[in-house]
Amino acid sequence: MAYLELDRVAKQFGAQTVVDDFSLSVGKGEFISFLGPSGCGKTTTLQMIAGFLDPTRGAIRLEGKDLTAIHPAKRGLGIVFQSYALFPHMTAAENVAFGLEMRNVPRSERAERVRAALAMVGLAGYEDRHPRRMSGGQQQRVALARALVIKPSVLLLDEPLSNLDAKLREEMQIELRQIQRTIGTTTILVTHDQNEAMSLSDRIVVMSQGRIEQIGSPQETYEKPASAFVSQFLGRTNDFAAAIDRSVAPAQLMAGSWSTPAPAGLNGPVTVSIRPERIGFGDAGLGAKIVTRIFQGNHWLFQCESECGVAIVIRQNDGKAQPVEGEAVRLTWRPEDMSVRARAIA
Amino acid sequence: MSAGAEEREARTPWALTAPALLLFVGVLLIPLAMTVMLSFHDWGQYKGIEPVFILKNWHEVATDPYFAEMFWRTFRIAILTTLLTALLGAPEAYILNRMSGRWKSFFLLIILGPLLISVVARTLGWALLFGGNNGLVNKLLMSVGLIHAPIPFMFTETGMVVALAHVMMPFMVLSVWAALQRLDPQIENAAMSLGAGPATIIRRIIMPQIMPGVLSGAIIVFSLSASAFATPAIIGGRRLKVAATLAYDEFLNTLNWPLGAAVATLLLVALVFIVVGSNALIERRYAEVFR
Numbered sequence: 000m001a002y003l004e005l006d007r008v009a010k011q012f013g014a015q016t017v018v019d020d021f022s023l024s025v026g027k028g029e030f031i032s033f034l035g036p037s038g039c040g041k042t043t044t045l046q047m048i049a050g051f052l053d054p055t056r057g058a059i060r061l062e063g064k065d066l067t068a069i070h071p072a073k074r075g076l077g078i079v080f081q082s083y084a085l086f087p088h089m090t091a092a093e094n095v096a097f098g099l100e101m102r103n104v105p106r107s108e109r110a111e112r113v114r115a116a117l118a119m120v121g122l123a124g125y126e127d128r129h130p131r132r133m134s135g136g137q138q139q140r141v142a143l144a145r146a147l148v149i150k151p152s153v154l155l156l157d158e159p160l161s162n163l164d165a166k167l168r169e170e171m172q173i174e175l176r177q178i179q180r181t182i183g184t185t186t187i188l189v190t191h192d193q194n195e196a197m198s199l200s201d202r203i204v205v206m207s208q209g210r211i212e213q214i215g216s217p218q219e220t221y222e223k224p225a226s227a228f229v230s231q232f233l234g235r236t237n238d239f240a241a242a243i244d245r246s247v248a249p250a251q252l253m254a255g256s257w258s259t260p261a262p263a264g265l266n267g268p269v270t271v272s273i274r275p276e277r278i279g280f281g282d283a284g285l286g287a288k289i290v291t292r293i294f295q296g297n298h299w300l301f302q303c304e305s306e307c308g309v310a311i312v313i314r315q316n317d318g319k320a321q322p323v324e325g326e327a328v329r330l331t332w333r334p335e336d337m338s339v340r341a342r343a344i345a
Numbered sequence: 000m001s002a003g004a005e006e007r008e009a010r011t012p013w014a015l016t017a018p019a020l021l022l023f024v025g026v027l028l029i030p031l032a033m034t035v036m037l038s039f040h041d042w043g044q045y046k047g048i049e050p051v052f053i054l055k056n057w058h059e060v061a062t063d064p065y066f067a068e069m070f071w072r073t074f075r076i077a078i079l080t081t082l083l084t085a086l087l088g089a090p091e092a093y094i095l096n097r098m099s100g101r102w103k104s105f106f107l108l109i110i111l112g113p114l115l116i117s118v119v120a121r122t123l124g125w126a127l128l129f130g131g132n133n134g135l136v137n138k139l140l141m142s143v144g145l146i147h148a149p150i151p152f153m154f155t156e157t158g159m160v161v162a163l164a165h166v167m168m169p170f171m172v173l174s175v176w177a178a179l180q181r182l183d184p185q186i187e188n189a190a191m192s193l194g195a196g197p198a199t200i201i202r203r204i205i206m207p208q209i210m211p212g213v214l215s216g217a218i219i220v221f222s223l224s225a226s227a228f229a230t231p232a233i234i235g236g237r238r239l240k241v242a243a244t245l246a247y248d249e250f251l252n253t254l255n256w257p258l259g260a261a262v263a264t265l266l267l268v269a270l271v272f273i274v275v276g277s278n279a280l281i282e283r284r285y286a287e288v289f290r
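Protein sequence lines, in the order shown, are assigned to chains A and B.
Per numbering that gives the first Met the number 0, the first sequence starts with residue 0, numbered consecutively.
Per numbering that gives the first Met the number 0, the second sequence starts with residue 0, numbered consecutively.
Treat the hints as calculated values from the structure; they're not laboratory data.
Here the structure is a predicted model, which is why all the values come from computation and not from measurement.
C-beta atoms are modelled at their ideal positions from N, C-alpha and C, and glycine is treated no differently.
Warning: the hint list may mix true and false statements.
Claimed, not checked - Non-contacting residues of chain A with respect to chain B, defined by C-beta distances greater than 12 Å in every case (computed):
| # | residue |
| --- | --- |
| 1 | S82 |
| 2 | P87 |
| 3 | V95 |
| 4 | M197 |
| 5 | S198 |
| 6 | L252 |
Stated by the list, open to error - Distance ranges between label pairs, derived from CB positions:
| # | chain 1 | residue 1 | chain 2 | residue 2 | range |
| --- | --- | --- | --- | --- | --- |
| 7 | B | I201 | A | L167 | 28 to 38 Å |
| 8 | B | E5 | A | I313 | 41 to 51 Å |
| 9 | B | K103 | A | R180 | 51 to 61 Å |
| 10 | A | P36 | B | V26 | 52 to 62 Å |
| 11 | A | R102 | B | S104 | 38 to 48 Å |
| 12 | A | D127 | B | H58 | 49 to 59 Å |
| 13 | A | R102 | B | F23 | 55 to 65 Å |
| 14 | A | R102 | B | F154 | 30 to 40 Å |
Hey, can you work out the whole structure from these sequences and the hints?
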């Protein structure tokens, strides 16, 4: 049975629909990411779960109980805010203890749990620091400890890592994942960073313009994007304009001078999408010319001018010779690596 | 760099600030020094001011209970006014801050509006409202049953505190408002998610963070109320004098300038001590919030 369930949840501000028809079941202990560009409704959805906003339609249930009927202060959810929202007039320990105080946890037990929570996020010894005397990463940890110390039924993370620099963000991602695995709290992360979503979550909910585009494991959403939006948003992708001709037998998929047997179903103009790392250089295939090549340590990045538009190719640096700029090449890929969608003619 | 250029560079800041500095010295420091000097001069009904150095005025101010009464009244009124503006102004600023766009600007205008009108006009307005036992305020209070007999407002400290609190309110609201702007917009949600109710949020989270704003507003209101002239002069009249109206009377009615100078100097010194002292206290106490 679903632990946390959102059933056709919608939110309207005036005439504007910010979230529409949002349905999701979250299993206990699962790590879910809401991924999408800013303004896609992911934070609004999180705020509805937290109770800071009421859904216009739909239901939110936690263990079968209607969550929207419960006051936000009584929901018992742990929330980490983008700005951390630490209490600046309290020390780190006082910040973490606040939720326990509100729950009337006895003083001695409170001190013990605060100490353990701060130790868990690697801040043992920082109990008496005030937030404004701590670095961004440390404040982030205090906010996490404050949310986790109350043993929340669900942990909600609202872009928690977006204010950190790249290196620290990566460290915190690993740490966050470890902590979540250890204590097994059901977690929902809101992010616009696809790498963050992919490296942390069990499942990703890709959102665009208030609607769910796809729900799936990181691998599924990357490998089998359900829509053009998902394939564009998750990682880089090449889109080639092509066409399927069913007047010949067998039917042919044609892109420029290159053709291959067409997949079943579609007819007429189509878009062919292939991930840059799935394209290789071969003897036959889509004709292209290397425009630039960039060495990036463990891989090479090629930008090519192909018969069907710009193509990005990523090749592992396996020590073999790579084509140089200006060289004419043929782009090849395995049929199962490409996805073909119908294309509307403009 | 040559020695000459270095010297020129060192002089530049002085040259640039010189006009403002001259103005400051000319219109503030010199008159102030002259007032202090004046307080040590002698004065007589028939001889006028004698430029001698005596402690007569200071002795009189220090020993005559008449002056002590004036000063106590001044500070009592200033303290009560400060408390009243804090009690009304802080919640006012908080509510204002939670309002949405259009209402916010409308009510902010209403609060700041009085600043655009002369203090004298505003106080005369209060005098009209108070106006003896049949004043509008008394009639209103009696008709809603808050009081049974009319409260004397004119020529009383009560009236002065009410009128001053109205005059000073914008300073308190603005000061608390500024402190509220520094608050993390999610801070109340954060406290709520941890299980805090509305009262707890205000007491434990909001209040400690806006306290510096309330206190700095209190300093402004206190020093302005203690040195206020127009409102005490109109509401208090001759019967109920405060330090500022007392100094004015000594200067312009009794023509005892040296004594008036002593009163004015004492008021200034007392205010400087109170303001500087409480400011230092606040900064130490709320060091973490100010950072």
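Worksheet item: Measuring from beta carbon to beta carbon, are A/D127 and B/H58 in 49 to 59 Å?
Response: At roughly 54 Å between Cβ atoms, B/H58 and A/D127 fall inside 49 to 59 Å, so the hint holds.
Fill in: Status of the given 30 to 40 Å range, CB of B/F154 versus CB of A/R102
56 Å, violated
Worksheet item: Regarding A/R102 and B/S104, is the given constraint of 38 to 48 Å on their beta-carbon distance met?
Response: For B/S104 against A/R102, whose Cβ atoms are near 40 Å apart, the range 38 to 48 Å holds.
Worksheet item: Does A/L252 sit more than 12 Å from chain B, CB to CB?
Response: About 51 Å separates A/L252 from the closest Cβ of chain B, which puts it past 12 Å; holds.
Fill in: Supplied distance hint 41 to 51 Å, evaluated on CB atoms of B/E5 and A/I313
The hint (41 to 51 Å, Cβ to Cβ) is violated, given that B/E5 and A/I313 are roughly 59 Å apart.
Worksheet entry | Exclusion check [A/M197 not at the chain B interface, CB over 12 Å] | 27 Å, holds
Worksheet entry | Minimum Cβ distance from A/V95 to chain B greater than 12 Å, as the annotation requires | 10 Å, violated
Item to complete: Evaluate the given range 52 to 62 Å for the C-beta pair formed by A/P36 and B/V26.
Response: Taking Cβ atoms as reference, A/P36 and B/V26 lie about 59 Å apart, which means the hint holds.
Worksheet entry | Beyond 12 Å from each Cβ of chain B, as asserted for A/S198 | 26 Å, holds
Fill in: Whether the CB-CB distance between B/K103 and A/R180 falls inside 51 to 61 Å
46 Å, violated
Worksheet item: Is it the case that A/S82 keeps its Cβ farther than 12 Å from each residue Cβ in chain B?
Response: 5 Å, violated
Item to complete: Kindly confirm whether 55 to 65 Å is satisfied by the beta carbon distance between A/R102 and B/F23.
Response: 58 Å, holds
Comparing the model with each numbered hint stated earlier shows that hints 1, 2, 3, 8, 9, 14 do not hold.
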